[in-house]
Every structure is written in structure tokens, then in C-alpha cells.
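So the chains spell out like this:
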Amino acid sequence: MLMEIERIKGLNFHKKQDVAIVGAGITTFKRRLNETGKELSYYAVKQALEEAGLGIEDIEMVVMGSAPDAFDGLHMKGEYLLDGSGGSDRPYMRVFVGGGTGVFAPIAGYWHVASGLADVCLVVCEEKMSSCHPHPQSAFKYIWDPILDRPLQPNLIWIFALEMRRYMHVNNIKHEDIALVSVKNKANALDHPAAQLAERITVEDVLNSEPMALPVRRLDVSPPSDGASALIMVAPHIARQLTDDPVWVAGVGWALDTTWWTNRDLYFPRYVAEAARMAYKMAHITEPRKEIDVAEPYDPFDYKELHHMEGLGLARKGEAPILTREGVTARDGDLPTCPSGGLLGVGNPIAATMGVKVAELYWQLAYRAGKRQVAKEVTRGVAQAWGDLMQVGTVVVLSNKR
Amino acid sequence: MVFNEKIVDAGELKHIEGKIELYWIYTSGEAGDRFFKALKDEGKFLAAKCTCCGKTYFPPRIYCEYDFSETEFVEISGEGCVRAFAVATLDNNEESLKNPEIYAIIDMDGTDGCIIHLLGEMDAEDIRVGMKVKPVLKSKEEREGRITDILYFKPV
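Line by line, the protein sequences are chains A and B.
So for the first sequence, my numbering puts the first residue at 6; every next one is plus one.
So for the second sequence, my numbering puts the first residue at 367; every next one is plus one.
Since the hints were made in silico from the structure, they are not lab data.
Predicted model, so just to flag it, every value in this text is computed and none were measured.
Note that the Cβ used here is the ideal one computed from N, Cα and C, for glycine as well.
One or more of the hints may lead you astray.
Between beta-carbon pairs, the in silico distance windows are [to be verified]:
hint: 1; chain 1: A; residue 1: Asp337; chain 2: B; residue 2: Asp492; range: 25 to 35 Å
hint: 2; chain 1: B; residue 1: Arg400; chain 2: A; residue 2: Gln158; range: 20 to 30 Å
hint: 3; chain 1: A; residue 1: Pro156; chain 2: B; residue 2: Ile386; range: 20 to 30 Å
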């Protein structure tokens, strides 16, 4: 018998309580750091606790997000990172959806608090990519289907080149328009103290940079990094004791498309659209372009910011490059995107990019982003990440109004 | 922690080198066995059609991931169209490739699926999205029942 099933999951759930973010932390992002993953986690957690005005003894449960074990070179990486993450002697779990982890970990933190299982949950994300040799990119040789894909020795950059080509072809977009994203984000990163690749560059610099897998060139791509970030998520009665200006989680969503990535049309990120549909419905957002004030779409490549803006419904298909060219997505524009500097400017320690996505959105909505604060008045924002075999979309909507 | 210092060679830090010394044996599975046997012995291409919705999977598999019903094998030509392509100039270790390699997603005729493979016998400048291509196989004696039995795809 066929049952009528609501396709968007998680919307009729009974939440015990609302969830607020009251503190965040981020380490510097660098290509290579001396600190171990545990130490990086420790620094991020200390900073988040300090901002929230809490001590580690106040933390009830811990969620750790970290991407492939291959980077740090340790199986059971979650357990390895436990002590530096404040997970000793309390409920602790690791979540992992590849590049989507940086937004998935706070979603898992949300479950912990919304369900009432915890009133204070610490979310920590860590990545130390530089341990992996000969190059962090080498680890990606082992994410493919071992029978069908791996014998051809693809790597991620080449696959993204295919996706970028498809996006450009279907929407008739020029590389010049895509390069503007890299120019914007690297310049935004000049105001981020953690930034690895902040610089003023031009469209010509991007178009003339080293070819990696055409159409992808060096300056289209974010760098591998080491780093960590942390967030503190609490119940309303705790938030009231800590701050007058908590930022609330208004909606969360996640979705995965098929692992048979060659069987998908790569020009549009359906998995992001599905995840966004779930998060927006929970947040009662019907017109994201009008109702979202600031966005942190996932930008490991310049075209991905545009691709994801379209998936998030912040632009129509093929329209994101036009908004970028017109300055709409600049920090003083009508819909600032990646005001943090994004992965392109601040760096890309996979899971730890929570610090430039959800943490940045929190700082923006709490008006604590300092020099990075967007010009317009902000109430609601969206952060998103993406990963696995280009198939997972993870979305969080935050609001400074409950 | 260090904010200003830039570390260029991690080997200069106090460190230990380590390896994970394991290797794996991956089986090709029920659908994979049929597919690779047809390719190796007969030079033929198999896809799999869902007995419920009719969606035709390539590479073939024994189930439809949307209906969770069974599939049946169907023979296809092996020809297709270029859906997207990339010209790789750096290898997996970010070393420069002497001869750039051209990878493409190929939309396989008669199926709802695509595969990724190499393009050959053409210059990067001449490739267009939508271009018709056909597979070039290794000789029957050289074929091992692997995806690399297809050397590359070339223009029709």
C-alpha cells in the first residue's frame, strides 16, 4: 500500500525547546601549523567558552565534526580528538559528511539541545590537513568507487572542473563573472584575523593564474588548511543568563543526492535546494531572496558560491553571477555573501570551516563581526556547506529575533 | 598559538613519520561481474533497466535506488555525448602533467546514466559539450575486465 508521505522530513517534530548560540571560536587557518588537532580544538573551545562566559564544567554534551580520517592519518579520529575538544567524561559524538560537516556539526548540536537532552552543548570542528603527504589532495584519490572510478585516477579538482564547465555551459556564464567571487572573498578576508589567503587581486589575476584542471585555475580554488572552530548552543533559560543578544537557530536542513555522481546533472545543486527547503520551512521563510539578509554559502571554489546561492534560492538559476557583478553580494550590498572572506580567503580546513560559515553568521547577527560587519541591518541569515561526493547539502538558518 | 610565523616545511618541526600499511580487495559485485564479463569477452556494454519505473542505469546495478525494485540487463551501444569535460594539467600530488589529460562525463545513449572517462584522438580546443563520442577498447587479449579496458572515448 502506498502511503502519503510528507517528502520534507523533520517538520512536524516536537521540539522541547528553542536553541540559541551564545559563543563561537576560531583558530588561525594556515597551510601548516605546529599545533596538533587536539591543541587546535582546545584553542577554539577556549575562545568560544570565553565569549559565552562559561567554563568547561558548564558543558553537558559535545559534538565533534571532522572530515576524512585520512587527513590526520588516524582512524577513530573522533576519539583521538576527544580530550582537546572537552569531550572527556561527558556524552560525546563525532559527525561526518565530508565537506558538509562544518554545517552538519551545528545541526547535530541543535538536536542535542532542541530535544531537551542537553541545555548546553559544545560543537567543535577540527581539521589538520597538512599531516597528509605527499599532498592533502592525495587523500581524495580514495573517496571514489574503487571499481568504476578509481582506476581512472580522478581527483577532486578535475571533478569540480567538470561541474564548473557544466554550470558555465548550461547558464552561459563566463569565467570572468565567476572570478569576481574570488576577488570579493579574498578582499573580504583582509578583515579576518584568522585568514590564510587574504589579498587584493583582480579578475585578470584569476584568469592568468596557474591552470590546475581547466577551466579551474589556482585562484579559483580555496587552499588546504589546518584549523579548528567551536560554537556553544544553549537552551533559552541558559541564554537569558548569559547575554541580552543571543542568536537563535531558526531552521536546519540536510539532504543527500545519489552517490552515482555521474548520473546527476551537475549544473544545479539539488541536494542544497532540498536541504534549504527543509530549513526554510522550519524557519517559516517563503521568499529567501527577500527574507534573508546575509548569507554564507559554501565557497571552496569561486563558482560554488554562485552554484550554492542558486541552490539556496537566493538567486534564480544562472542569476548569481549577475548579482555578484552588480555588487549585490558585496559587504555593503543588499545581500552580502561570504562577508567572512569565505573558504577562498580565510582558508579551507574542511570541517573547521564552521568558523567562517555558522560562526560568522552568528557574529554578523549578534553585531559582533567587527570590521567584517555588513553595512545593512540584519535579522536573518543562512549558512550552508556541501561535500561527500558533491552530494550533501547542509543548511542552517539563524535569526536574532526569536 | 603562532599567528605570524609561516611554516613552509613541516619536516622542520618536531615530528614523527608514519604510514597506514593496509591494502584492500574490492569485489565488483553482481552487476559489476555481468558488466565487466560482457565488456571483456564480447566488447559489449550492458545497462540495467528498472522493472518498475523504466529508468535505465549505467553503469548497471541490480536495484533501482528510488523504487527499490529489481532491474534487468539491457545491451547498449556504448556511444554517447560529452556532457562536461576538464583538461587536467596537475596530477593528484599537484605535480605538473607533461601531457594534459582530458576527462569527460559521457551521457550514454539509451540510458539515464553517464560515466566519467578519458577523451582521446582529439585536441582540447576541439571538444564541445554535446559532442558525439564512442569508446575505444583494448584488444580482446589485453582486456582484463576492468573499466580501463576502455582506453578512452573518441569522436564519432
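Hints versus structure:
1. Against the hinted window of 25 to 35 Å, the Cβ-Cβ separation of Asp337 (chain A) and Asp492 (chain B) comes to about 44 Å, which falls outside the hint.
2. Checked against the hint of 20 to 30 Å, the C-beta distance between Arg400 (chain B) and Gln158 (chain A) comes to roughly 25 Å, which is consistent with it.
3. With their beta carbons about 21 Å apart, Pro156 (chain A) and Ile386 (chain B) fall inside the hinted range of 20 to 30 Å.
Checked against the numbered hints above, the structure violates only hint 1.
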